[in-house]
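> Just so you know, the sequences run in chain order A and B.
Residues 1 to 379, numbered by the numbering used here, are exactly what the first sequence covers, in order.
Residues 1 to 323, numbered by the numbering used here, are exactly what the second sequence covers, in order.
Treat the hints as calculated values from the structure; they're not laboratory data.
Some chain B residues judged to face chain A by a derived CB distance under 7 Å, without partners named:
| hint | residue |
| --- | --- |
| 1 | A73 |
| 2 | A84 |
| 3 | M229 |
| 4 | I230 |
| 5 | Y288 |
Owing to the predicted nature of the structure, the values given are computational and were not obtained by experimental measurement.
Glycine is no exception: its CB is placed at the ideal position from the N, C-alpha and C atoms.
Given next are the chains, with one letter for each unit.
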Amino acid sequence: MGANVKNYPFTVSGSSRPRADADPVPPAGGARERVEISVLVPVSERPESLTTLYQEFSAPLRETGRSFEFLFIAPTQYRALTAPLAELARKGEPVRVLNVGPGVGETAMLKLGVQRSSGSILLTLPAYARVTPAALPDLLAALEQGADLVIARRWPRNDPWINRLQSQLFHRVLRGTMGGRLHDIASGVRGTRREVFEAIPLYGDFFRFLPLLAIREGYVVEEIPTPQHANDTHARVYGPGVYARRIVDLLGLAFLLRFTDKPLRFFGLIGAILSAFGGVLLLTLFIERLGGEGIAGRPLLLLSILLVTVGLQSIALGLVGEMIVHLNAGRRRIYRFRGTAPGTGPVADRRLQPASAALAHHPALERRRISDRRQVVRT
Amino acid sequence: MSRMAALPRLSIVVPLFNEEESARPLVEAVRAAIPADLTWELVLIDDGSTDATSVVVGELALEDSRIRFLRLARNYGQTQAMQAGFDAARGDIVVSMDGDLQNDPLDIPMLVRKLEEGFDLVTGYRARRQDRLMSRKVPSWIANRLIAWLSGVSIRDNGCSLKAYRRELLERIHLYSDMHRFIPAIAVATAGASVAEIPVRHHARQFGVSKYGLSRVAKVLADLLTIKMIGSFRGRPLAMFAAGAIGAVVLSVLCASWAFLAYGQPSFHTAAYVIPSIAVLWLGLAGYFIMLGLLAEVAVREHSGSEREELPLYREWIVTAKS
Numbered sequence: 001m002g003a004n005v006k007n008y009p010f011t012v013s014g015s016s017r018p019r020a021d022a023d024p025v026p027p028a029g030g031a032r033e034r035v036e037i038s039v040l041v042p043v044s045e046r047p048e049s050l051t052t053l054y055q056e057f058s059a060p061l062r063e064t065g066r067s068f069e070f071l072f073i074a075p076t077q078y079r080a081l082t083a084p085l086a087e088l089a090r091k092g093e094p095v096r097v098l099n100v101g102p103g104v105g106e107t108a109m110l111k112l113g114v115q116r117s118s119g120s121i122l123l124t125l126p127a128y129a130r131v132t133p134a135a136l137p138d139l140l141a142a143l144e145q146g147a148d149l150v151i152a153r154r155w156p157r158n159d160p161w162i163n164r165l166q167s168q169l170f171h172r173v174l175r176g177t178m179g180g181r182l183h184d185i186a187s188g189v190r191g192t193r194r195e196v197f198e199a200i201p202l203y204g205d206f207f208r209f210l211p212l213l214a215i216r217e218g219y220v221v222e223e224i225p226t227p228q229h230a231n232d233t234h235a236r237v238y239g240p241g242v243y244a245r246r247i248v249d250l251l252g253l254a255f256l257l258r259f260t261d262k263p264l265r266f267f268g269l270i271g272a273i274l275s276a277f278g279g280v281l282l283l284t285l286f287i288e289r290l291g292g293e294g295i296a297g298r299p300l301l302l303l304s305i306l307l308v309t310v311g312l313q314s315i316a317l318g319l320v321g322e323m324i325v326h327l328n329a330g331r332r333r334i335y336r337f338r339g340t341a342p343g344t345g346p347v348a349d350r351r352l353q354p355a356s357a358a359l360a361h362h363p364a365l366e367r368r369r370i371s372d373r374r375q376v377v378r379t
Numbered sequence: 001m002s003r004m005a006a007l008p009r010l011s012i013v014v015p016l017f018n019e020e021e022s023a024r025p026l027v028e029a030v031r032a033a034i035p036a037d038l039t040w041e042l043v044l045i046d047d048g049s050t051d052a053t054s055v056v057v058g059e060l061a062l063e064d065s066r067i068r069f070l071r072l073a074r075n076y077g078q079t080q081a082m083q084a085g086f087d088a089a090r091g092d093i094v095v096s097m098d099g100d101l102q103n104d105p106l107d108i109p110m111l112v113r114k115l116e117e118g119f120d121l122v123t124g125y126r127a128r129r130q131d132r133l134m135s136r137k138v139p140s141w142i143a144n145r146l147i148a149w150l151s152g153v154s155i156r157d158n159g160c161s162l163k164a165y166r167r168e169l170l171e172r173i174h175l176y177s178d179m180h181r182f183i184p185a186i187a188v189a190t191a192g193a194s195v196a197e198i199p200v201r202h203h204a205r206q207f208g209v210s211k212y213g214l215s216r217v218a219k220v221l222a223d224l225l226t227i228k229m230i231g232s233f234r235g236r237p238l239a240m241f242a243a244g245a246i247g248a249v250v251l252s253v254l255c256a257s258w259a260f261l262a263y264g265q266p267s268f269h270t271a272a273y274v275i276p277s278i279a280v281l282w283l284g285l286a287g288y289f290i291m292l293g294l295l296a297e298v299a300v301r302e303h304s305g306s307e308r309e310e311l312p313l314y315r316e317w318i319v320t321a322k323s
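Could you put together the complete structure from these sequences and hints?
Written out as structure tokens, the structure reads:
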């Protein structure tokens with residue numbers, strides 16, 4: 001598989017997903033040094049000058065004295081923007097660019113970036129200045145203090161009211177449907193550890209909801225208020241299609257978070273309600289029929305049968321869902337331990353685990369984390 | 001290889017959720033109950049407790065190397081906690097029980113003996129159950145009857161957590177959702193296990209509060225439907241959907257013949273629309289069922305032959321010495 005990956009360095013597929021213990025494969029250019037921090041910049045949605053972005057955001061990182069790299073993942077249509085980065089790289093700046101096809105989504109770009117980078121700490125930035133660069137050291141500090149995922153919340157904000165209104169509405173809906181106390185889930189400025197990112201199942205448009213998925217995996221998620229960047233003042237008004245997609249995303253997420261491994265609970269409940277409603281209507285019609293009234297011509301009869309059949313369809317769909325879940329249950333495990341734990345290895349390995357591994361879980365080791373958890377955002 | 005010798009023969013798996021008071025008495029009861037000739041380990045899983053359970057269990061694990069402590073990242077529920085314990089257990093025989101002291105570890109040697117008679121799963125039933133009648137016993141009685149009827153696996157008490165398993169069985173069943181309530185049915189349906197049932201002691205709750213309520217009835221019903229499907233139609237889902245389709249076609253034909261017979265009678269003018277429409281609805285449902293069944297067949301076909309496919313449990317009973 002290794003040779004394959006080298007030939008096609010820019011494909012993301014289930015099989016080329018690196019195992020946690022595997023070395024990230026260096027790109028075709030040859031072996032690279034490992035760095036501590038990888039900054040991933042998926043280029044989409046109104047990008048600005050990437051060289052300016054790099055210069056602004058690399059400065060505070062350089063001050064921390066830790067090694068880092070900037071990895072820009074850009075669809076080909078932004079070649080004009082990524083071209084000047086080559087100049088930086090030639091000067092010896094730790095800048096890399098991965099060009100992808102025009103149709104690649106942001107989630108895929110991020111996953112590719114994670115796979116192709118080497119840092120144990122991952123920072124993500126949107127392709128425009130969103131918060132002040134001083135936020136990055138704060139994110140690193142929070143990660144060191146025990147958070148698994150940190151979000152740079154834009155606060156205080158200085159962009160137009162229309163942006164703030166949208167954001168507030170979105171988060172109100174989010175909190176109402178999924179709980180939690182997050183204020184700026186859409187802030188693309190986030191920090192996490194590599195193993196946390198790799199443990200979160202991510203696909204489709206769900207990079208946006210990464211913090212919610214992290215909370216579901218039992219990770220500690222924090223928001224750090226950081227002043228919004230002075231240049232981030234564009235009013236963001238989108239076409240209706242974009243808003244429709246957000247709503248669809250929310251629906252999908254709400255379903256996924258609650259019913260991924262029990263689809264029949266969802267489809268079955270809907271189906272049972274519809275069928276029961278239809279059944280009650282049928283019963284009333286039947287009673288009327290006993291009273292001597294003709295019901296064959298009643299539209300209500302049609303409605304009640306329609307409800308029953310649609311209800312049965314829903315239940316049947318749920319059963320197919322359960323079948324798929326059952327067939328794929330296999331060795332997939334959804335639980336996760338706090339910290340590294342015994343018993344997490346493959347089934348064949350567990351007989352070799354020493355009994356003393358149990359002590360890895362002593363709460364004394366966790367005390368610091370517990371005291372940190374007071375500020376934890378939870379669903 | 002030296003570690004292999006130190007492996008316990010018996011693993012006792014106990015999920016704990018907010019059981020800070022029960023944990024220590026539980027461990028003492030286990031220590032007192034297991035005979036000296038049986039090496040054991042006790043795997044305690046803290047399922048995201050919000051009280052001091054993890055502190056208590058951490059101390060217990062430090063005191064006794066036979067006690068292992070797993071701590072889940074959040075509250076995943078009993079099924080996942082049990083699965084975590086099963087995955088970590090190292091013994092050839094695994095016993096699961098509740099952490100609330102309602103099960104008695106004194107029953108464990110008896111379960112193990114029964115398992116060694118040649119069963120894959122021995123499940124306890126609470127002969128004199130110490131729970132409330134209306135909120136616990138009656139729903140449980142109905143649920144057990146339903147499970148027996150739907151799954152064809154007649155177990156008196158599916159809700160009793162005190163069970164003993166052969167390791168080979170646990171490697172073949174994978175618990176998800178809330179399936180821990182249906183382990184015997186799943187074990188028979190998916191692994192072809194042989195199951196025995198023996199009476200066990202049951203005590204009233206000493207500490208803490210019960211974590212169950214009546215609200216789970218709807219969930220249990222949905223799970224039962226799933227078990228029924230998995231048990232009967234795992235390899236041939238089309239058969240199940242075809243049965244539904246036949247039912248729908250019968251209803252459709254009934255409505256169509258009703259309309260046909262009513263044709264020309266004085267009351268027919270409105271019925272002319274409604275009854276044939278209903279016939280078409282049922283016919284549509286039948287077609288939909290067939291399509292869904294075919295889709296499910298695709299899922300099953302994709303599964304068979306893949307590395308996830310698992311063959312039934314077996315014991316080879318004529319063993320010739322290797323030359």
